[in-house]
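Using the sequences and the hints given, assemble the complete structure.
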Amino acid sequence: MSASREIFGTTPFDGAMAQRGYALNKMCFSFNNAANRAAFKADEEAYMRAYGLNDEQAKAIRGRDVLGLLAAGGNVYYLAKFAGILGLDVQDLGAAQTGMSKEAFKARLVAQNEQPETM
Amino acid sequence: MSASREIFGTTPFDGAMAQRGYALNKMCFSFNNAANRAAFKADEEAYMRAYGLNDEQAKAIRGRDVLGLLAAGGNVYYLAKFAGILGLDVQDLGAAQTGMSKEAFKARLVAQNEQPETM
Amino acid sequence: MARIIGALATSHIPAIGGAIAKGLEEDPYWKPFFDGFGPARDWIRREKPDVAIVFYNDHGLNFFLDKMPTFAVGAAPEYRNDDEGWGIPTLPPFKGAPDLSWAIINHLVDREFDIVTCQEMLVDHAFTLPIKLFWPEGGGPLTVPVCINTVQFPLPSAKRCVALGRAVGEAVAAWAGDKKVVMIGSGGLSHQLDGQRAGFINKPFDLKFMQSMIDEPEWAAQYSIHELVEKTGTQGIELLNWLAARAAAPGPVHKVHSNYHIPISNTAAGMLALEAA
Amino acid sequence: MARIIGALATSHIPAIGGAIAKGLEEDPYWKPFFDGFGPARDWIRREKPDVAIVFYNDHGLNFFLDKMPTFAVGAAPEYRNDDEGWGIPTLPPFKGAPDLSWAIINHLVDREFDIVTCQEMLVDHAFTLPIKLFWPEGGGPLTVPVCINTVQFPLPSAKRCVALGRAVGEAVAAWAGDKKVVMIGSGGLSHQLDGQRAGFINKPFDLKFMQSMIDEPEWAAQYSIHELVEKTGTQGIELLNWLAARAAAPGPVHKVHSNYHIPISNTAAGMLALEAA
Ligand SMILES: [Fe+3]
Ligand SMILES: [Fe+3]
Chain A
2 MSASREIFGT TPFDGAMAQR GYALNKMCFS FNNAANRAAF KADEEAYMRA YGLNDEQAKA
62 IRGRDVLGLL AAGGNVYYLA KFAGILGLDV QDLGAAQTGM SKEAFKARLV AQNEQPETM
Chain B
2 MSASREIFGT TPFDGAMAQR GYALNKMCFS FNNAANRAAF KADEEAYMRA YGLNDEQAKA
62 IRGRDVLGLL AAGGNVYYLA KFAGILGLDV QDLGAAQTGM SKEAFKARLV AQNEQPETM
Chain C
32 MARIIGALAT SHIPAIGGAI AKGLEEDPYW KPFFDGFGPA RDWIRREKPD VAIVFYNDHG
92 LNFFLDKMPT FAVGAAPEYR NDDEGWGIPT LPPFKGAPDL SWAIINHLVD REFDIVTCQE
152 MLVDHAFTLP IKLFWPEGGG PLTVPVCINT VQFPLPSAKR CVALGRAVGE AVAAWAGDKK
212 VVMIGSGGLS HQLDGQRAGF INKPFDLKFM QSMIDEPEWA AQYSIHELVE KTGTQGIELL
272 NWLAARAAAP GPVHKVHSNY HIPISNTAAG MLALEAA
Chain D
32 MARIIGALAT SHIPAIGGAI AKGLEEDPYW KPFFDGFGPA RDWIRREKPD VAIVFYNDHG
92 LNFFLDKMPT FAVGAAPEYR NDDEGWGIPT LPPFKGAPDL SWAIINHLVD REFDIVTCQE
152 MLVDHAFTLP IKLFWPEGGG PLTVPVCINT VQFPLPSAKR CVALGRAVGE AVAAWAGDKK
212 VVMIGSGGLS HQLDGQRAGF INKPFDLKFM QSMIDEPEWA AQYSIHELVE KTGTQGIELL
272 NWLAARAAAP GPVHKVHSNY HIPISNTAAG MLALEAA
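Protein chains in written order, with this note's numbering: chain A, 2 to 120; chain B, 2 to 120; chain C, 32 to 308; chain D, 32 to 308.
Accuracy of the hints is not assured; some may be wrong.
As a list, the in silico BS3-like pairs of lysine-lysine whose alpha-carbon atoms are at most 27 Å apart [said to hold, decoys possible]:
| id | chain 1 | residue 1 | chain 2 | residue 2 |
| --- | --- | --- | --- | --- |
| 1 | C | K126 | B | K27 |
| 2 | C | K53 | A | K107 |
| 3 | B | K27 | A | K27 |
| 4 | A | K107 | C | K62 |
| 5 | B | K60 | B | K42 |
| 6 | C | K190 | D | K190 |
| 7 | D | K234 | B | K107 |
| 8 | C | K234 | A | K107 |
| 9 | D | K53 | B | K107 |
| 10 | C | K79 | C | K210 |
| 11 | B | K103 | D | K53 |
| 12 | C | K62 | A | K103 |
| 13 | D | K62 | B | K103 |
| 14 | D | K234 | B | K103 |
| 15 | D | K239 | B | K107 |
| 16 | A | K42 | A | K103 |
| 17 | C | K234 | C | K163 |
Residues from chain A that face chain D, not an exhaustive set, calculated with beta carbons under 10 Å [to be verified]:
| id | residue |
| --- | --- |
| 18 | G16 |
| 19 | A19 |
| 20 | Q20 |
| 21 | K27 |
Derived from the structure by calculation, the hints contain no laboratory data. C-beta: ideal position from N, C-alpha, C; glycine also.
Given below as structure tokens:
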């Protein structure tokens, strides 16, 4: 990885991130189960403790801070299940991460039709 | 597999066997857990039904029939956990499968020291 | 002898499941997407493939980071869908083709692919949506899921995924079952959900990639994973499934139909139906 | 740079765990087995390896047939042992070496090994017993488990296991960690637990195999899995772990000590300690 040049705004979910985020991702993976989602909603703090989230992760969960969750090792495939609990879709996430309004983010997606057709 | 010549008294645990034995092996895998072992001992029939064993498998479990369990798709690595419940070791299994007494089976093992040292 | 009749590929955005459940196919947002499937569906109705090999990536339903396979092959009599956490409707089980699964597994291990075999396997939207989209009336094919890691780096290289697809194709072609088999690639095209680059789409790359699927099927395999992430986004890398599916339907193909639409959700949605020539 | 100091190998019969727990090392049944470890233990005390890469096979503790890997590599901070169903004592957790794990994982995927990565992983007697046997006073090394499927066919060929071992060795040799690393192979030698052939032992093959580990480390890789099962028994095939461990400590070695004893339980028990020359 280290040999590759950086890609703006992109953190490959590699071994370093996977180690950092294991507890957080495991918690989010548990949200496949409706009873677990309910338990989280009933007592977020207790649920986070049960999965051993560190302070950085717990803070990002409390703050619904998507970039913070990524920096704390969250993987978007698992974080999406947390977003589901909050009733957020991927455009809400996109808006939050790019600092745009959801409408502006959606408009930017549509505008990408104007890209050229050939490389 | 089919292209290979048969080995006496040996059935490779291949896809055909793995399909046949899935329920049986899954039940035996559950015996890693002490509570599951206790539940099996308390009501073998109910436990076998819960894992969906077929008639051949259930019959072989009831009869503690090692060769029957293998023929029904059991894999020895998982069956060993069933043997553990019964307090049987691998020499009991060896004796049962070869039709020998345990003492005779053990003696045969020791006698293999008399094999030549070179191929 | 089995016959490989072609390859299908589509994006697999979760929201598609909701749109189907709510009957939104004619809704202006969705119509340009769903309309793209018409000619492919006609072709499938005509050709009636018996079995589909579905190359897809799990999004954290069946696999977690405790046991994360590079390649996993299903070998179950049926595959259950389940709650993925967002309330998209759970679909009834999909029938497997275990005999074909094992023929593929035996060949792959013989060819030094170090696969995981799954005799029980939950399949997520990446598996279920292509079946729903290509067989909208139900009566779908028997299936063999082939799951490729696109979640946790290191990912298998595009070259390795092409080699996997090719070996799957060999196994199917050699399989004694007298069936018509279609390959399906699920995922992509360019999109990125995470990070400040969220919303990234690369239309010129996608269109070139779709054309390459027809006439230059290993074109994208020239790129490293890092380059493909750069060109297609962190989730655009799911195009690995398209590459594998195309490699599994080797030889020349002609295009039944293609469709490309920006955006569905955050994704450049692609659809491709190729018939073995 | 890490330095590979050699390779250790031993059989891993579950009953060994009971014998250690009960202090039966001097018991006439066990003494010829345990005595074989003396010179290897002396060598380890002298050389003090920091890390052990343990090639072993899971017997149905961490993996079941729902997700059965060909090759799995641990990447956890620690590895827990657990109840295997027979009441052998459960051991305290083993420390991992996650940085080295990821160095190995990255290299293996780059070299087209399609491994499973395990950030959480239970380790069974095949992993724990070699550590107990070679480090009887405790204070064992950091560990990286590498699990090879010997349970469900198709198994990886002996050639493929040698290639895996060689690639692991490359990754370790290139790893920046300034550590002494020892390779461990766990399993075999000839034995068969199942079927009418139960009790099968092949002394001449085992002795030739042990010699080949020293001076002809790919000798056994000439055989197919089927031939190896025929020659060594359905569980003798666990020698794949010895082959991989030896390939991971490449180059010439000299023998520190070896031991071979028939029988422990149903098994021809082998022990080998090799120092990189
Ligand atoms: Fe996806
Ligand atoms: Fe073993």
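Structure-based check of each hint:
Among the hinted pairs, C:K126 with B:K27 is consistent with the structure: their alpha-carbon atoms are about 21 Å apart, no more than 27 Å. Proposed proximity of C:K53 and A:K107 is supported: the alpha carbons are some 22 Å apart, at most 27 Å. For the hint linking B:K27 to A:K27, the alpha-carbon distance of about 25 Å falls within 27 Å, and the restraint holds. Between A:K107 and C:K62 the CA atoms are separated by roughly 18 Å; this keeps the pair inside 27 Å, and the hint holds.
About 16 Å separates the Cα atoms of B:K60 and B:K42, which keeps this hinted pair within 27 Å; it holds. The suggested pairing of C:K190 with D:K190 holds, with an alpha-carbon distance near 22 Å, which does not exceed 27 Å. Of the supplied pair hints, the one linking D:K234 and B:K107 holds, its CA atoms being roughly 16 Å apart against a limit of 27 Å. Restraint check for C:K234 and A:K107: satisfied, since their Cα atoms lie roughly 16 Å apart, inside the 27 Å limit.
With a C-alpha separation of about 22 Å, the suggested pair D:K53 and B:K107 falls inside the 27 Å cut-off, and the hint holds. A distance of roughly 10 Å separates the Cα atoms of C:K79 and C:K210; the hinted pair therefore holds under the 27 Å criterion. For the suggested pair B:K103 and D:K53, the alpha carbons sit about 23 Å apart, so the restraint of at most 27 Å is met. Between C:K62 and A:K103 the alpha-carbon distance is near 22 Å, which keeps this suggested pair within the 27 Å criterion.
Taking the CA atoms of D:K62 and B:K103, the gap is near 22 Å; set against the 27 Å cutoff, the hint holds. Straight-line distance between C-alpha atoms of D:K234 and B:K103 comes to about 22 Å, which keeps the hinted pair within the 27 Å bound. Under the criterion of a C-alpha separation no larger than 27 Å, the hint pairing D:K239 with B:K107 is consistent with the structure, at around 25 Å. Taking the CA atoms of A:K42 and A:K103, the gap is near 25 Å; set against the 27 Å cutoff, the hint holds.
Taken as a hint, the C:K234 and C:K163 pair is honoured in the structure, with Cα atoms around 26 Å apart against an allowance of 27 Å. Interface hint at A:G16: satisfied, since its Cβ lies 3 Å from the closest Cβ of chain D, which is below the 10 Å cut-off. Interface hint status for A:A19: upheld, as the beta-carbon distance to the closest one in chain D is roughly 6 Å, under 10 Å. Below 10 Å, beta-carbon pairs count as interface contacts, and A:Q20 has one with chain D at about 6 Å; its hint therefore holds.
Proximity of A:K27 to chain D holds as hinted, the smallest CB-CB distance being about 8 Å (cut-off 10 Å).
Comparing the model with each earlier hint shows no violations; every hint is respected.
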